[in-house]
Amino acid sequence: MAVVLLPGLLATESGGQKRFEVEATTVGEALCALPVGDLVLDEHGELRSLVHVYVDGERTLDLAASVSATTQIRIVAAIAGG
Amino acid sequence: MGVLLLVGTRKGLFLIRGDDERRSFEVEGPLLPGWEVKHAIADPRDGSLYACANSWVYGGTVQRSTDMGKTWVRSEGLGLPEDSELKLASTWHLEPGHASQPGTLWLGGEPGVLFRTDDSGASWQVNEALLGHATRDRWSPGAGGLITHSITLDRDDPQLLWIGISAAGVFRSEDGGGSWQPRNQGTEACFFPEDRFPELGQCVHKVLAHPGRPGRLWQQNHCGVYRSDDGGDSWEALHQNGLPSEFGFGIALDPADPDTAFVVPEEGAENRVTCDGRLGIYRTTDAGESWELIVAEEPAWAAVLREGMSFDAEAVYVGAQSGHLYALRHGEVVRATEHLPPILSVEAAPLQ
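The listed protein sequences correspond, in order, to chains A and B. Just so you know, we're using this note's numbering here: the first sequence kicks off at 1 and counts up by one. Just so you know, we're using this note's numbering here: the second sequence kicks off at 1 and counts up by one.
Do not take every clue at face value.
[As the list claims (entries may be wrong)] In the DSSO-like style, the derived pairs of lysine-lysine whose C-alpha atoms are separated by at most 30 Å in a straight line are:
1) Lys-18/A <-> Lys-87/B
2) Lys-70/B <-> Lys-18/A
3) Lys-11/B <-> Lys-70/B
4) Lys-11/B <-> Lys-87/B
5) Lys-11/B <-> Lys-18/A
Hints are computed from structural coordinates only; laboratory data are not their basis. Keep in mind the model is a prediction, meaning the values are calculated, not measured.
Turn these sequences into a full structure, and let the hints guide you.
Here's what the structure looks like:
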């Protein structure tokens, strides 16, 4: 179990829901469990390069990192575009 | 009948409704805020809206609405197989399937890929014949990437269709996408140092099959404007017949007259703005033997992208990256709206 917090556009794509509690043992599983998992991870299961993931306040690229019931995962969109 | 224009922009989708005379237009939007909409259509078979909604951060998607844009559903599972070692970078063009194939649509994307759905976008299957095409290693990306941007169907035969890929050229399938053959004879690859008329590698910018005359295709290319009367087996250059430049992106047709076409020439590949300090729409009514200038705006240094032109039985529509949208009807130009975000695509549908 982990808590995942979404930024605005992903929340819109999730029907307006910003906070999810998901069954997961790893960061990757937690992201996959989201209704917007395909926007966070690409079709090969890799983290999209401009999606930043913070686990309990620390940025991580390790999708295999363990999570627990108290883990908070925050997704942040990189500053990009124009 | 009025017109519904689906205008894709860098900042969402706009629905613009025009009256019977194409003189008065009402703007609704933006829909899909936060998404860059490279192309959107209204499926003439069931009225559904589909959009190629892209994000720098979250990649390329297809979204469908069955309530005129109030709510949208994103297609799931859209992507490329892992063994291809390719990833879907963006979605570019949606094309409704043949009238005899309800629920079927085609989708073009980057990197030079094609998908098909037979369940109205609930699931998409990659076209394996194009994904594994034997010539793929000879394709080169243009400024917009290696994109499948044109998909155009034969009026009568659902197995016959053409696609355009920048910069690989025009390909034709006679078996519903089971195989693809390059069809570029007579079109120039003016950016190549030596062989300028190769089998493939041409930078087609937009190819359209005329809906009223089977076998007639029109093409705006990086290196010219062309017409084919044999389904793409051969192409005739038309840009030395009065156009100020061979360069441009979009092309529009008249569904009632296969000899009529419209282009918006730009100065050239190194300066992609309309020629002569004005937004000039050039019309031919004699299959490209001659072209007539219709000035939409002056002064103007506009940039009209490959999906930035559309047409119906009444008018031609031109959207520029300046956010201006024009309707050309019976030789008269009306500014439909202005100050939209940069316009990426325009598609016309009957107003229900």
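Now the hints, each set against the structure:
1. Lys-18/A <-> Lys-87/B: Between Lys-18/A and Lys-87/B the Cα gap is close to 28 Å, so the pair holds against 30 Å.
2. Lys-70/B <-> Lys-18/A: 20 Å, holds
3. Lys-11/B <-> Lys-70/B: Measuring from Cα to Cα gives roughly 17 Å; hence the hint holds.
4. Lys-11/B <-> Lys-87/B: 24 Å, holds
5. Lys-11/B <-> Lys-18/A: 22 Å, holds
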